[in-house]
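Here's the letter readout for the chains.
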Amino acid sequence: MKNIKTILFIFTFFLVSFSVVQAAEMYFVAPKTSYGIGEEMQVAFRISSSNEKINAIEGIVVFPNDLIDFVEVYDNNSMVTAWVEKPSLKNSNQINFSSIIVGGFDGLIDPFQPENKKAGTIANFVFRTKKEGTGSFEIENGAVYLHDGNGTRGKLITVPLSFIVDPTLSSTERKILDDRPPEPFEILIDHSELIFNNQYFAVFQSEDVDSGIAYYKIKEGNNGLWLPVESPYLLRNQKLTSVIKIKAVDKVGNERIMTVSPLTPKDLSYLWYILIALILVLIIHYFIDHRQKNVYNINVYE
Amino acid sequence: MEAEKKFNFFLQTIGTWVLIWFFVFTPFSIRAQISDLVSISATALPPPRGSVILIPSTALTFSGRAYPNSRIIILKNGQFFFETKANSKADFFVSLTTLEPNNYKFSIYGEDNFDRISPIFNFDLILKRNVTTTISGIFLPPTIEVDKIEVLKGEKVKIFGQTVPSGLVTLVIDSVLPSYEIMAETNGVYQYLLETTELNLKTYIPVVKTTIETTESSENSGASFTVGKKTQRAVKTCESISADLNCDGRVNLVDFSILLFWHKKNNFPVRINLDQQNGINLVDFSIMVYYWTG
Chain A
1 MKNIKTILFI
11 FTFFLVSFSV
21 VQAAEMYFVA
31 PKTSYGIGEE
41 MQVAFRISSS
51 NEKINAIEGI
61 VVFPNDLIDF
71 VEVYDNNSMV
81 TAWVEKPSLK
91 NSNQINFSSI
101 IVGGFDGLID
111 PFQPENKKAG
121 TIANFVFRTK
131 KEGTGSFEIE
141 NGAVYLHDGN
151 GTRGKLITVP
161 LSFIVDPTLS
171 STERKILDDR
181 PPEPFEILID
191 HSELIFNNQY
201 FAVFQSEDVD
211 SGIAYYKIKE
221 GNNGLWLPVE
231 SPYLLRNQKL
241 TSVIKIKAVD
251 KVGNERIMTV
261 SPLTPKDLSY
271 LWYILIALIL
281 VLIIHYFIDH
291 RQKNVYNINV
301 YE
Chain B
1 MEAEKKFNFF
11 LQTIGTWVLI
21 WFFVFTPFSI
31 RAQISDLVSI
41 SATALPPPRG
51 SVILIPSTAL
61 TFSGRAYPNS
71 RIIILKNGQF
81 FFETKANSKA
91 DFFVSLTTLE
101 PNNYKFSIYG
111 EDNFDRISPI
121 FNFDLILKRN
131 VTTTISGIFL
141 PPTIEVDKIE
151 VLKGEKVKIF
161 GQTVPSGLVT
171 LVIDSVLPSY
181 EIMAETNGVY
191 QYLLETTELN
201 LKTYIPVVKT
211 TIETTESSEN
221 SGASFTVGKK
231 TQRAVKTCES
241 ISADLNCDGR
251 VNLVDFSILL
261 FWHKKNNFPV
271 RINLDQQNGI
281 NLVDFSIMVY
291 YWTG
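Residue numbers (UniProt numbering), protein chains in the order written: chain A, 1 to 302; chain B, 1 to 294.
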């Protein structure tokens, strides 16, 4: 009986261990666990998936909003290719996110230690402590999808992170150093019957290594206004006769402006109408002039 | 005694300088395999010396084999970044020197002389300042196409594509059937006319790989055909790649944007729903990403 129990225990242990090893892991990393009041708290939100390639992730980060306030999210060194839902504050204590990872992800390769693939950063969160207490960051409704072309849901383990806000501790501040503009990017103009009733739209995405992209603005035509924009954007000038400029701005305020020249030349057909009108005026003028001459001649003749 | 002391001090000083020179001023290099074929090496450059100001270099090189005179496309974080051409022997070499130190996803693939694309190789790399990272030994598998999507049992189906010049292509139709070997021509083109008399009435997904001397490429299995009761020629249509929503032959940011527009919305076009279930959600994005070409 004892032997059976031992075998069962070993079997269960290996089964659990194997399933743990196969799963992706979503977790938090912070430089310290105790903070003073009013202190900035930096939390890296990471994922590892050493056994299976994953290409889409989603979830909700939940934090105790009675102890800390959400300040900012940075995605400048994220392994995420594009956000389906950019991390944003919901219900004052939740940060919802979903994203894709082109080519799948099974770990970062450090060229000096290629055999040990490293976890990737999904995003870096910044909070500010406001009240004494103990709390934790947790992940709800976390999901990963495998890079298999079928959208198969993968196994996921989520690990919370606890922290303490202690009024006796002194607070430290950090400053972002970013003097470089976002990277050059491509503006793609297209139309499809699947979106915007087959009208022309623009898509774009830039990157910023140091602080991440804060927002984009667009200007259609040289005399237009800079307007906030998100990709995809339905173009106002559907004739594509005006220049299109898109400005990517990073979290520090550095800018990169990319331009698309008019894809079709300006409609100059009105010039033909002016020319025809001028010719008509000349012809009418000629006839009137000619008639007057005839009248004069008649008079002379009489 | 004094002379011996001086001599020892002299030796120690020399030894210390030699060590400093070796560890500080000599490039440090390391090399390892990241798959059976592909290896990665990193060389840390020595720091700048004296008053000469050197621009910090972060370099990345890719090299390998594709198809003769084929396009080699490199994506950085899913977007087009660089393009080069393989030579007539199908060898390619790419050197990227304009990158900032950071974490990047690089994707590399080839497009053969007939616009067929290879499977995509992906690398998530940490690029460091003053380090040259080299990815070598990439061997893109043969491209593959079939001339019929359905073939009447007893008729022949042509399986063809391109690989390295004179490469030995191994074709597997089914794991329970024997494989076939085809020698590619000097331009890398290969083809095989497959008899279907002995095949069962079902769908087959041919798998190909190339061998050059003792080196084998990875496998490719991009096309399928069904042995049935009629013959239907393979015609490339917009729906050939379901994730190519705007039908431009690419799966990229435009297709992503179209899908994003319909995310969690109702009344979406049927074609948008890639898994044909439960509306537009992350599952559809996951399917699209699998076919991403940039």
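Source of the hints: derived by calculation from the structure; they are not laboratory data. Watch out, some of these pointers could steer you wrong.
Partial pick of chain A residues on the chain B-facing surface, computed with a CB cut under 8 Å [claimed, not checked]:
hint	residue
1	N55
2	F105
3	G107
4	D110
5	P111
6	P114
7	Q199
8	Y200
9	V203
Beta carbons are placed, not taken as given, at the ideal position from N, Cα and C, and that holds for glycine.
So, going through the hints one by one against the coordinates:
The criterion of a C-beta within 8 Å of any C-beta in chain B is met by N55 of chain A, whose closest approach is roughly 4 Å, and the hint holds. Checking F105 of chain A against chain B by beta carbon gives a least distance of about 6 Å; that is within 8 Å, so the hint holds. Hint status for G107 of chain A: holds, given a least beta-carbon distance of 7 Å to chain B, under 8 Å. With its C-beta approaching chain B no nearer than about 5 Å, D110 of chain A sits inside the 8 Å limit, and its interface hint holds.
At a threshold of 8 Å, the smallest CB-CB gap from P111 of chain A to chain B is about 3 Å, leaving the interface hint in force. The interface hint given for P114 of chain A holds, since its Cβ lies 5 Å from the closest Cβ of chain B, which is under the 8 Å cut-off. The beta carbon of Q199 of chain A is not positioned within 8 Å of any beta carbon in chain B (closest approach about 12 Å), and the interface hint is therefore violated. A least Cβ separation of about 12 Å between Y200 of chain A and chain B goes past the 8 Å threshold, and the interface hint is therefore violated.
The beta carbon of V203 of chain A is positioned within 8 Å of a beta carbon in chain B (closest approach about 4 Å), and the interface hint is therefore held.
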